[in-house]
Amino acid sequence: MAEFLQQLLNGLSLGAIYALIALGYTMVYGVLRFINFAHSDVFMVGSFIGYYAGKLVPENTIWGGLIVLVISMVGCAILGMTIERLAYRPLRGAATLNVLIAAIGVSLLLEYSGQVFFGAAPRTFPALFPSINFSVGGLVLSTNQLLVIVVTTLLMVALQFIVHRTKIGTAMRAVSLNPKAAQLVGINIDVVISFTFALGSALAAAGGILYALNYPSIDPLMGVMPGLKAFVAAVLGGIGNIPGAALGGLILGVVETFVNGSQWSTYKDAIAFAILIIIMLFRPAGLLGKFTIEKV
Amino acid sequence: MNRVRLFAALLAGAALLPAAHAIEPIKIGEIEPLTGKEAAFGQSAHKGIVMAVEEINARGGVLGRPLVIVTEDNQSRPGDSATIAKKLIARDKVVAILSGATSSGCLEIAPICQTARIPFLATTATNPEVTEKRNYVFRVCFIDPFQGAVLAKFARDTLKAKRVALLTSVSSSYSVGLSKVFRERFIASGGEIAVEQKYGEGDKDFRAQLTAIRAAAPDVIATTGNYTEGALICKQARELGLTGPIIAGDGWEAPELIEIGGAAVNGSYYCSHYSSESTAPEVQAFVKKFRAHYTETPDSMAPLASDGLTVLAEAIARAGTTESAKLRDALAATKNFPGITGRTTIDEQRNASKPAVILAVKDGHTQFLQSIEP
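Residue numbers (my numbering), protein chains in the order written: chain A, 1 to 296; chain B, 1 to 374.
Just so you know, the hints here were simulated from the structure itself, not pulled from any lab data. Please read these numbers as outputs of a predicted model, since none were measured by experiment. Yeah, the Cβ is synthetic: ideal placement off N, Cα and C, and Gly gets one too. Mixed in with the good hints, there may be bad ones.
[Stated by the list, open to error] Every beta carbon over 12 angstroms from chain A, so not counted as near; a handful from chain B, in silico: (1) Leu107; (2) Glu282; (3) Arg291; (4) His365.
[Unchecked claim] Partial list, derived from the structure: chain A residues whose beta carbon lies under 7 angstroms from chain B: (5) Pro122; (6) Asn133; (7) Val140; (8) Ser142; (9) Thr143; (10) Thr266; (11) Ala270.
Can you build the whole structure from these sequences, using the hints too?
The structure is reproduced here in structure tokens:
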């Protein structure tokens, strides 16, 4: 029983990381109906900014960690806006496929310029926050794992609030519904889309820092696998739906952990993706997604 | 993407010779994981080789010709080593290939060199399959059946372990092979494998496997993978409250192990090829030269690679030619060659039998614990 609960806890903390990355995917998709494949590489840049900024503040202090988190989120927000301005805006109005291919291009550009600038060898991420292990009745949880769960929950709630309760959120939803009509009623869609990218990239940066705190070996290709898993999580929960991304992430994390702890650990990715296929067969829009008929 | 670096230490010297007598250098191919998650192995091996080449060339080269190393990076990626080996043979026309890549990488290179009849010398690949049934493939290090036996004996006799948990990287030939031998030898010596868990190369979360291991309450955890995963395994094991010793093979021989793992690696042990603390004069001379060159202390990969190159250079000198069949025979006849990591004798299976050392990690440093003869 203790083993089962510990595995569940391990799964939830892994799932929370997937959920955090998935939030960024799902939000950009919700507004622009396009999958930003460069998201997982902004996540990587976020952890590298954290790596360099982490050298400037004392290790193991809460304020130092928070400063690094903020620097990285701001840095990635700027990066996200730049990517949108240079790569996606010129393609606005073109077929969705063109933008998708551009996104893959940006993703590869970031990965391999990362290898040039940061080097391809793994780096050791500094211990930014003080880390303590809690042990309750045989269950162990580190503060870093707890931090992921707390930050993911907070950011999910904040995102839900921004999208549904604020003026800019209303504008985001209006753009998502119909960009032309939104423009006609006086919404500056450039600003709204830039904001969406800034927000999504800041989330990716937060994800990058928290991921690196838990798995302190970072390299320019570190985003590929978690990015893929988070994408699956977003689709699983219903892409475009914020609570859905969190749910998808948690399901994926828990399933993966239980498979990993069993004798079939070799098949963990196969099983995770098989679950995706099964869910897609029965609920094509994902667990919490609304099925809409696309007009051709 | 692959950077080609030509290290022609003596080319400058050769340029001084009259142009009409331009001596053609001897080209040797080198395949290393210079980047990626096994970068520490390749970087260290490359430094060892560069130093050995400079030394040989300073003495006038081999057969009166300078040595030139054509270095290629396999980026620690599966598949790249094979492509590079073909390129080195077909385009660069190297006379032999050296590699400090892992067993998985060397298993890609070996069949290509065998088909092309180009001698291949693996400097650190320990999986026995690398040299099996291939008479052009050699190695200058011990093999996993020996290393696994050493680890099993160490766990049983020194650590007095009765129940061991075994954690294997299923996508690494090295790890799978080493685990197999360890399992057999440990059970044969009266021990018990309490639980076996697996992971894949590049994984970062091992909490699930370690939680299952914790439930089995083993005395010792044996893990047979490489350093990147090893450091994270130690970290997460300690976080989950597993305080017992963790033991590993020579895949842990990299400074990154302690850099990434920090205090969590303390209290673990691994098997390796040599210790820089050894008092043997050739080791001390090498460590001194290496420090003067690179301002760091060499781990096992550098002296092994350096020995590999000198063994090859000596074989070329004995063969009197770089013609591949004769060079192969000369390599196979290597006997009692004095190197930094002990005497190299190539046996009938084209392996070298060398002593192994057990290193302990204490207070963020490795310490020499014991040396075990084959």
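Hints and how they fare:
1. Leu107: 19 angstroms, holds
2. Glu282: Non-interface label on Glu282 of chain B holds, nearest chain A Cβ at 30 angstroms vs cutoff 12 angstroms.
3. Arg291: 22 angstroms, holds
4. His365: 17 angstroms, holds
5. Pro122: 6 angstroms, holds
6. Asn133: Holds - the Cβ of Asn133 of chain A comes within 7 angstroms of chain B, reaching about 6 angstroms at its closest.
7. Val140: With a minimum Cβ separation of about 5 angstroms from chain B (threshold 7 angstroms), the hint on Val140 of chain A holds.
8. Ser142: 5 angstroms, holds
9. Thr143: Constraint on Thr143 of chain A not satisfied, violated at 10 angstroms.
10. Thr266: Result: holds, 5 angstroms to nearest chain B Cβ.
11. Ala270: 11 angstroms, violated
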